[in-house]
Amino acid sequence: MVTNRTEDARSARVVALAGGVGVSLLVMAALHLTHVISGGGPPYDPDSAGVAEAVIGVVLLAAVYRMRRSPDRSWGLMLGSLAFAVAGFVVGMTFTVKSGTAVDVAYHAIGLPLLLLTLAMHLKRERERA
-8 MVTNRTEDAR SARVVALAGG VGVSLLVMAA LHLTHVISGG GPPYDPDSAG VAEAVIGVVL
52 LAAVYRMRRS PDRSWGLMLG SLAFAVAGFV VGMTFTVKSG TAVDVAYHAI GLPLLLLTLA
112 MHLKRERERA
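Residue numbers (my numbering): -8 to 121.
Possibly wrong hints are sitting among the right ones.
For each label pair, taking beta carbons as the anchor points, the in silico distance ranges come out as [stated by the list, open to error]:
| hint | residue 1 | residue 2 | range |
| --- | --- | --- | --- |
| 1 | Lys89 | Val18 | 16 to 26 Å |
| 2 | Thr85 | Val14 | 39 to 49 Å |
| 3 | Leu107 | Pro33 | 21 to 31 Å |
| 4 | Ala0 | Val94 | 25 to 35 Å |
List time: in silico EDC-like cross-link candidates among lysine to aspartate or glutamate, alpha-carbon distance up to 16 Å [what the hints assert, rightly or not]:
| hint | residue 1 | residue 2 |
| --- | --- | --- |
| 5 | Lys115 | Asp(-1) |
| 6 | Lys115 | Asp36 |
| 7 | Lys89 | Asp36 |
None of these hints come from the bench; they were simulated from the model. For each residue, glycine too, the CB sits at the ideal point set by N, CA and C.
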C-alpha cells in the first residue's frame, strides 16, 4: 500500500530531478548561445544546440512549477515534458557524438540517464497509485 507520504516523497524527487536537469539545460543553453562552449564540426552547431536546450529547459521547468502546485492534476504534463526532454537528449546526443565537444558528450551522457531515471520514478508513482 502506498501512503500519501510515499507519494509526496516520490513527487518531490521527480520535481527535484526534473528541476535540476531543467536548470542545467538553461545553463548549457547560455554557454552555447554565448559561444563559451563552441567547436566541433558539422552537423554540430552551438547556436542550434543552445536554442534546443533552452526550449527543453523551459518546458521541464514549466512542468516542475505545475507539479509543485498540483501534483495530481499535472501528472500528464510532467510525463509529456520528460518524454520530450528524453527525445531531445537523444537527438542532441546523435549530433554530439558525431562532432560535438567533449563537454557536450559528457553532459548528454549524464543528463540522459538522469532523465530516464526521473521518467521511471514518475511512471512508478502512477502505477503504485492505481
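TODO: Compare the structure with the hints numbered earlier in the document and write down the numbers of the violated ones, lowest to highest.
DONE: 2, 6
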